[in-house]
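Enquirer: Protein sequence lines correspond, in order, to chains A and G. Residue numbering for the first sequence follows our numbering, starting at 14 and increasing by one per position. Residue numbering for the second sequence follows our numbering, starting at 191 and increasing by one per position.
It should be emphasised that the hints constitute simulated quantities derived from the structure, not laboratory data. Where a beta carbon is used, it is the ideal one built from N, C-alpha and C, also for glycine. Take these hints with a grain of salt, some might be off.
To be verified - Example chain G residues on the side facing chain A (calculated, C-beta under 8 Å, incomplete):
#1 L299
#2 Y328
#3 L330
#4 G342
#5 V344
What the hints assert, rightly or not - Per the computed footprint, the stretches of chain G lying under chain A, defined by three or more beta-carbons under 8 Å from a beta-carbon of chain A, are:
#6 226-240
#7 273-279
#8 290-298
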Amino acid sequence: MPFETAPGLEAGVLLASILFCLGLAGLMMRRNVIFMLMSVEVCTNAAALMFVVAGAHWGNADGQVMFIFVVTLAAAEVAIALALVLQFYHRKHTVDIDQLSELRG
Amino acid sequence: MNYVFYLTATIAVVSTTMVIFHRNAVHALLYLVTSLLSVAVIFYQFGAPLAAALEVIIYAGAIMVLIIFVIMMLNQGDSTVTQEQAWLQPTTWIGPALLSALLLIQLILLVSSGQISSTQTFHYIGPKQVGIALFSHYVLAVELASMLLLAGLVGAFHLARRRKIDTGDSGNAI
């Protein structure tokens, strides 16, 4: 059953690209760990949007299956990352990512 | 009915821009929730109601509650706004912003010059089809996802536990 009111595939792909680039820019320009984590969520969400748009275009349920896996991955990732943020804050008493420089890479 | 899509997409882009430029963490989180809700509306317009519901429940619900819980636990107060203002100078963000804009221009050129046919025939894919695909063809991936979630649970419990000796000068306590 074709869905009548849907916009084009190009519009969906462009929106996913714009959201991913915004998340990438936020990940690079912020120093607060929590803001970096939010930017990673924006990037993950843009990738999931791309999966759903492509699945809708080809009439395939695999896009939404992949969306479910992306959401599962994002949930596990954000749980681990927030635990790391808590441990970091307990050790350094700051959320500045530049304070983690003992490795001198 | 295309203008609904463009309005929602504009809301998503504007609220995401507010997320990466806002100085208050809780306000940025509210803008992020707005962005996720507008993406859920876009999912619904593309004929994916299950994805829209999961986006609202899991992303805008559970994950955002987790992040706001950690922001409350850190309890940093009003000094973070001025700190963020000091960190977010234009000399800091102009380079990454330019690089990301370049990447976005490349992606837009790639999409607009490609052979994507805009035939406008999107298919409605209900929860039944997704469930059938999920538990017949992808059942092994579902099991792997359950193991991933279990590993995430154990890892988060181990990492977030507060130690007795928490000085942070010797790095062998973790």
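Enquirer: Each hint should be assessed against the structure and marked as holding or not.
Expert: Hints, verified against the model:
no.: 1; hint: L299; verdict: violated (11 Å)
no.: 2; hint: Y328; verdict: holds (5 Å)
no.: 3; hint: L330; verdict: violated (12 Å)
no.: 4; hint: G342; verdict: holds (3 Å)
no.: 5; hint: V344; verdict: violated (10 Å)
no.: 6; hint: 226-240; verdict: holds (count 9)
no.: 7; hint: 273-279; verdict: holds (count 3)
no.: 8; hint: 290-298; verdict: holds (count 6)
Hint compliance for this structure: hints 1, 3, 5 are broken, all remaining hints hold.
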